[in-house]
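Residue numbers (this note's numbering), protein chains in the order written: chain D, 1 to 409; chain G, 1001 to 1274.
To be clear, the hints were calculated from the coordinates, so they are not data collected in a lab. You may find that some hints are simply not true.
Said to hold, decoys possible - Pairs of lysine-lysine residues, derived as DSS-like cross-links and limited to a Cα-Cα distance of at most 27 Å, are as follows:
| hint | chain 1 | residue 1 | chain 2 | residue 2 |
| --- | --- | --- | --- | --- |
| 1 | D | Lys346 | D | Lys334 |
| 2 | D | Lys9 | D | Lys202 |
| 3 | D | Lys146 | D | Lys159 |
| 4 | D | Lys133 | D | Lys198 |
| 5 | D | Lys202 | D | Lys152 |
| 6 | D | Lys315 | D | Lys360 |
| 7 | D | Lys221 | D | Lys315 |
| 8 | G | Lys1043 | D | Lys133 |
| 9 | D | Lys133 | G | Lys1007 |
| 10 | G | Lys1039 | D | Lys133 |
| 11 | G | Lys1043 | D | Lys65 |
| 12 | D | Lys152 | G | Lys1039 |
| 13 | D | Lys197 | D | Lys221 |
| 14 | D | Lys202 | D | Lys133 |
| 15 | D | Lys140 | D | Lys197 |
| 16 | D | Lys360 | D | Lys342 |
| 17 | G | Lys1007 | D | Lys159 |
| 18 | D | Lys152 | G | Lys1043 |
| 19 | D | Lys360 | D | Lys221 |
| 20 | D | Lys315 | D | Lys334 |
| 21 | D | Lys315 | D | Lys342 |
| 22 | D | Lys221 | D | Lys140 |
| 23 | G | Lys1039 | D | Lys159 |
| 24 | D | Lys315 | D | Lys202 |
| 25 | D | Lys146 | G | Lys1007 |
| 26 | D | Lys133 | D | Lys65 |
| 27 | D | Lys197 | D | Lys152 |
| 28 | D | Lys146 | D | Lys198 |
| 29 | D | Lys146 | D | Lys133 |
| 30 | D | Lys197 | D | Lys360 |
| 31 | D | Lys360 | D | Lys202 |
| 32 | G | Lys1039 | D | Lys140 |
| 33 | D | Lys204 | D | Lys221 |
| 34 | G | Lys1007 | D | Lys204 |
| 35 | G | Lys1007 | D | Lys9 |
| 36 | D | Lys315 | D | Lys240 |
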Amino acid sequence: MAEPLLEIKGIGKSYRLVHGHAHEYKRLSESLVNVFTHPIRTAKDVRKTKERFWALRDVNLSIYKGEAIGIIGANGAGKSTLLKILSQVTRPTEGEVLIRGRVGSLLEVGTGFHPELTGMENIYLNGSILGMKRTEIDRKFDDIVKFSEVEKFLDTPVKRYSSGMYVRLAFAIAAHLEPEILIVDEVLAVGDAQFQKKCLGKMKDVSERGRTVLYVSHNMKTVEALCDRTVLLEQGRIAKVGPTSEVTQYYLGMGGGQGEIFRITSPVLKWVGLINRGELNDNTPDQDLEFIIEMQAGSDDLHRLQMDLYLYNDKDVMVLEAREKYLDDGFDMKPGERIRIKVVFKSPKLAPGRYHMSVKVGTLFTYIWVERLDACNIIGKAYFGNALFFENVRSTVIPEYSMTVDKRE
Amino acid sequence: MAETKIKVIRPRSSRLDLGLNEIWEYRELLYFLVWKDVKIRYKQSVVGAAWAVIQPLFTMAIFTFLFGETGIVNVDTGGIPYPIFSYTGLVLWTYFSNSVNHGSNSLIANASLVTKVYFPRALIPLSACVAGLLDLAIASIILVVMMFFFPVSITVVIVLFLVPVIMAFVLAAGMAFWLSAVNVRYRDVVFLVPFFIQLLLFASPILYATIPPSWEWTLYINPLAGIMLLQRGVYLGTVVDWTIVGCSLVITIVLFVVGLYYFRQYERDFADVI
Chain D
1 MAEPLLEIKG
11 IGKSYRLVHG
21 HAHEYKRLSE
31 SLVNVFTHPI
41 RTAKDVRKTK
51 ERFWALRDVN
61 LSIYKGEAIG
71 IIGANGAGKS
81 TLLKILSQVT
91 RPTEGEVLIR
101 GRVGSLLEVG
111 TGFHPELTGM
121 ENIYLNGSIL
131 GMKRTEIDRK
141 FDDIVKFSEV
151 EKFLDTPVKR
161 YSSGMYVRLA
171 FAIAAHLEPE
181 ILIVDEVLAV
191 GDAQFQKKCL
201 GKMKDVSERG
211 RTVLYVSHNM
221 KTVEALCDRT
231 VLLEQGRIAK
241 VGPTSEVTQY
251 YLGMGGGQGE
261 IFRITSPVLK
271 WVGLINRGEL
281 NDNTPDQDLE
291 FIIEMQAGSD
301 DLHRLQMDLY
311 LYNDKDVMVL
321 EAREKYLDDG
331 FDMKPGERIR
341 IKVVFKSPKL
351 APGRYHMSVK
361 VGTLFTYIWV
371 ERLDACNIIG
381 KAYFGNALFF
391 ENVRSTVIPE
401 YSMTVDKRE
Chain G
1001 MAETKIKVIR
1011 PRSSRLDLGL
1021 NEIWEYRELL
1031 YFLVWKDVKI
1041 RYKQSVVGAA
1051 WAVIQPLFTM
1061 AIFTFLFGET
1071 GIVNVDTGGI
1081 PYPIFSYTGL
1091 VLWTYFSNSV
1101 NHGSNSLIAN
1111 ASLVTKVYFP
1121 RALIPLSACV
1131 AGLLDLAIAS
1141 IILVVMMFFF
1151 PVSITVVIVL
1161 FLVPVIMAFV
1171 LAAGMAFWLS
1181 AVNVRYRDVV
1191 FLVPFFIQLL
1201 LFASPILYAT
1211 IPPSWEWTLY
1221 INPLAGIMLL
1231 QRGVYLGTVV
1241 DWTIVGCSLV
1251 ITIVLFVVGL
1261 YYFRQYERDF
1271 ADVI
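Construct the entire structure; sequences and hints are all you get.
Structure follows, in structure tokens:
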């Protein structure tokens, strides 16, 4: 067999923990004051700093030309960390990676887009940030515009774009990157269904033309459609590698994707958390489903934040969504401020089962996605009255219905 | 495949490598980053290009009021009219000040780029320093225009006008590398920088020509001093103390190399901390 395009040898990545928290930035003045006022405590802190949290460990993998590899796993399993190392955004703590070819990575759509610049200007800026040469962008310009379907708005600043147009343009640029190795992190989670299909088609096209694709996703369907081989990560280690269907079935079988009440940190917000888990036990058909999301701002003023919330059933089909427009122009947060947002779905009439949710918080241009949060468990006794029966429910919603003999001739 | 370049990702490289080759490789991206900076600034500001001139011109007006011939305190400029005397230095100081300020803030301002794509991070503070050159060029044109109105003699040395600019650029870039990297870890550095640069304005021979002999040693350790002397020498034909310029050149290069080296050491940790 030919030499692998990508050789990952014993990669590990650890973060320092201070007081049980991941390392955060400090204030110089604070650090200096601490040294003088509490010399002993500061020295202790330094020692405590040695405490490490391994986000990724002992990862070995060889990837060959033309392969499409899926990477799956729960939140915090190390998927993003692995992609970040391969994209050279962050460095590993141990191990090494050999790369034979040009790597193009898409950890986010529209990286570096500037709201004030026009669509055309952003094509050049973003293309160049993603690693394209100017002549290359010139050559592909028409294709990019055509793919994005925003021909008429090329001279409009992208701040006036709808989020759909914005995402389409961003993906169109990325789709025309032609690296030997393409790394994609769930960019398909955005955009409408039709456009997602188009994106998936484009990625399949890329891999069929002999390029290598690494694709991280929570959506087993797209992984199965696109990838030949899949890697399952669990707590920073490779739990299973093999043909995609085998690995995804194993993952779903072990209850994959079961999240927990989450708390994540990001540059935009200090943290975001789901406060209540919607439990509808023994519910009546018209009971409301309520979620409370709490978040705290970091050190910056945040303006016009928007939040989207999506609820999926255990087959990864989206069943409910709460979109930004219900918050009008969004909400503002002062540094350090903590707020709660309540989302109420009025008598959603969902079928019994486990549900997980994704939350997107941020502005149009920088946001965080939190996914696969164990959102609620609906026990649907009240709908049927017969526990035996609801095991066989296959629909996603169950409106109140009646079934009677109407006519007999 | 014809030639396959193998890239190796390792925990930390111990080599003393400033990564200048890579910066050169990514020069097109540098161009686009600069182009973005310039474009956005002009789109978002009403006065546009005028802003480049307003800053040094107003500063000049205030200091002429304070230190000019009819000012509150008369400063000896060796016969050069005070407005053009101070403006010559202020043009370059404004460039330096803006570049270091924007540069040290640049990584934080571009956090989304730092955490999402790879390219030599040094391009970010560097682009801030390059973008400022346009304003400097505009302000320098005003300087040349002023030279026709004031009784100053233009000499052939003016062809060397790029020399102090290059030195100021290298110094600003070195400072921006270092301060932007520190700023990722210690966010309050950003509040210290403007204050520190303001001090440099008074510590350098920009608003005055001579200082008491007991303080002359400061000119040797302040890299901006030599650059300012050179700037004035080029435009106004004043006598240049070459020892001071030599010291400035050495310190400038050292600060650039050390700044970039420090930056490179932490470059790949930025995404984890920012």
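Hints, verified against the model:
1. About 31 Å separates the Cα atoms of lysine 346 of chain D and lysine 334 of chain D, which puts this hinted pair outside 27 Å; it is violated.
2. With a C-alpha separation of about 30 Å, the suggested pairing of lysine 9 of chain D with lysine 202 of chain D is violated against the 27 Å cut-off.
3. Using a Cα cut-off of 27 Å, the hinted pair lysine 146 of chain D and lysine 159 of chain D holds, with the two alpha carbons roughly 20 Å apart.
4. For the suggested pair lysine 133 of chain D and lysine 198 of chain D, the alpha carbons sit about 25 Å apart, so the restraint of at most 27 Å is met.
5. Distance hint between lysine 202 of chain D and lysine 152 of chain D is fulfilled; the C-alpha atoms sit about 23 Å from each other, no more than 27 Å.
6. Restraint check for lysine 315 of chain D and lysine 360 of chain D: satisfied, since their Cα atoms lie roughly 20 Å apart, inside the 27 Å limit.
7. Under the criterion of a C-alpha separation no larger than 27 Å, the hint pairing lysine 221 of chain D with lysine 315 of chain D is consistent with the structure, at around 9 Å.
8. Among the hinted pairs, lysine 1043 of chain G with lysine 133 of chain D is consistent with the structure: their alpha-carbon atoms are about 25 Å apart, no more than 27 Å.
9. The straight-line distance between the Cα atoms of lysine 133 of chain D and lysine 1007 of chain G is roughly 20 Å, inside the 27 Å bound, and the hint therefore holds.
10. Restraint check for lysine 1039 of chain G and lysine 133 of chain D: satisfied, since their Cα atoms lie roughly 20 Å apart, inside the 27 Å limit.
11. Between the alpha carbons of lysine 1043 of chain G and lysine 65 of chain D the distance comes to roughly 45 Å, so the proposed pair goes past 27 Å and is violated.
12. Taking the CA atoms of lysine 152 of chain D and lysine 1039 of chain G, the gap is about 22 Å. The hint holds against a cut of 27 Å.
13. A distance of roughly 12 Å separates the Cα atoms of lysine 197 of chain D and lysine 221 of chain D; the hinted pair therefore holds under the 27 Å criterion.
14. For the given pair, lysine 202 of chain D sits about 21 Å from lysine 133 of chain D by alpha-carbon distance, which is consistent with the 27 Å threshold.
15. A C-alpha spacing of about 21 Å is found between lysine 140 of chain D and lysine 197 of chain D, which places the hinted pair at or below 27 Å, so the restraint holds.
16. The suggested pairing of lysine 360 of chain D with lysine 342 of chain D holds, with an alpha-carbon distance near 14 Å, which does not exceed 27 Å.
17. Using a Cα cut-off of 27 Å, the hinted pair lysine 1007 of chain G and lysine 159 of chain D is violated, with the two alpha carbons roughly 38 Å apart.
18. The straight-line distance between the Cα atoms of lysine 152 of chain D and lysine 1043 of chain G is roughly 21 Å, inside the 27 Å bound, and the hint therefore holds.
19. Restraint check for lysine 360 of chain D and lysine 221 of chain D: satisfied, since their Cα atoms lie roughly 21 Å apart, inside the 27 Å limit.
20. A C-alpha spacing of about 39 Å is found between lysine 315 of chain D and lysine 334 of chain D, which places the hinted pair above 27 Å, so the restraint is violated.
21. This hinted pair checks out: lysine 315 of chain D and lysine 342 of chain D have alpha carbons roughly 26 Å apart, not beyond 27 Å.
22. Of the supplied pair hints, the one linking lysine 221 of chain D and lysine 140 of chain D is violated, its CA atoms being roughly 30 Å apart against a limit of 27 Å.
23. Of the supplied pair hints, the one linking lysine 1039 of chain G and lysine 159 of chain D holds, its CA atoms being roughly 15 Å apart against a limit of 27 Å.
24. A C-alpha spacing of about 24 Å is found between lysine 315 of chain D and lysine 202 of chain D, which places the hinted pair at or below 27 Å, so the restraint holds.
25. With a C-alpha separation of about 34 Å, the suggested pair lysine 146 of chain D and lysine 1007 of chain G falls outside the 27 Å cut-off, and the hint is violated.
26. Using a Cα cut-off of 27 Å, the hinted pair lysine 133 of chain D and lysine 65 of chain D holds, with the two alpha carbons roughly 23 Å apart.
27. Simply put, lysine 197 of chain D and lysine 152 of chain D have alpha-carbon atoms about 23 Å apart, close enough for the 27 Å limit, and the pair holds.
28. With a CA separation close to 13 Å, the supplied pair lysine 146 of chain D and lysine 198 of chain D stays within the 27 Å bound.
29. Between lysine 146 of chain D and lysine 133 of chain D, the direct Cα distance comes to roughly 20 Å. Compliance with the 27 Å bound is thereby established for this hinted pair.
30. Distance check on the hinted pair: lysine 197 of chain D and lysine 360 of chain D sit about 21 Å apart at the alpha-carbon level, within 27 Å; holds.
31. Between lysine 360 of chain D and lysine 202 of chain D the alpha-carbon distance is near 25 Å, which keeps this suggested pair within the 27 Å criterion.
32. The hinted pair formed by lysine 1039 of chain G and lysine 140 of chain D meets the criterion: a straight-line CA distance of about 23 Å does not exceed 27 Å.
33. Restraint check: the Cα-Cα separation between lysine 204 of chain D and lysine 221 of chain D comes to about 14 Å, which is no more than 27 Å; the hinted pair holds.
34. For a cut-off of 27 Å, the pair hint linking lysine 1007 of chain G to lysine 204 of chain D stands: about 26 Å separates their Cα positions.
35. Restraint check: the Cα-Cα separation between lysine 1007 of chain G and lysine 9 of chain D comes to about 13 Å, which is no more than 27 Å; the hinted pair holds.
36. Pair hint lysine 315 of chain D plus lysine 240 of chain D holds up; C-alpha atoms about 21 Å apart against a cutoff of 27 Å.
In summary, the numbered hints that this structure violates are 1, 2, 11, 17, 20, 22 and 25.
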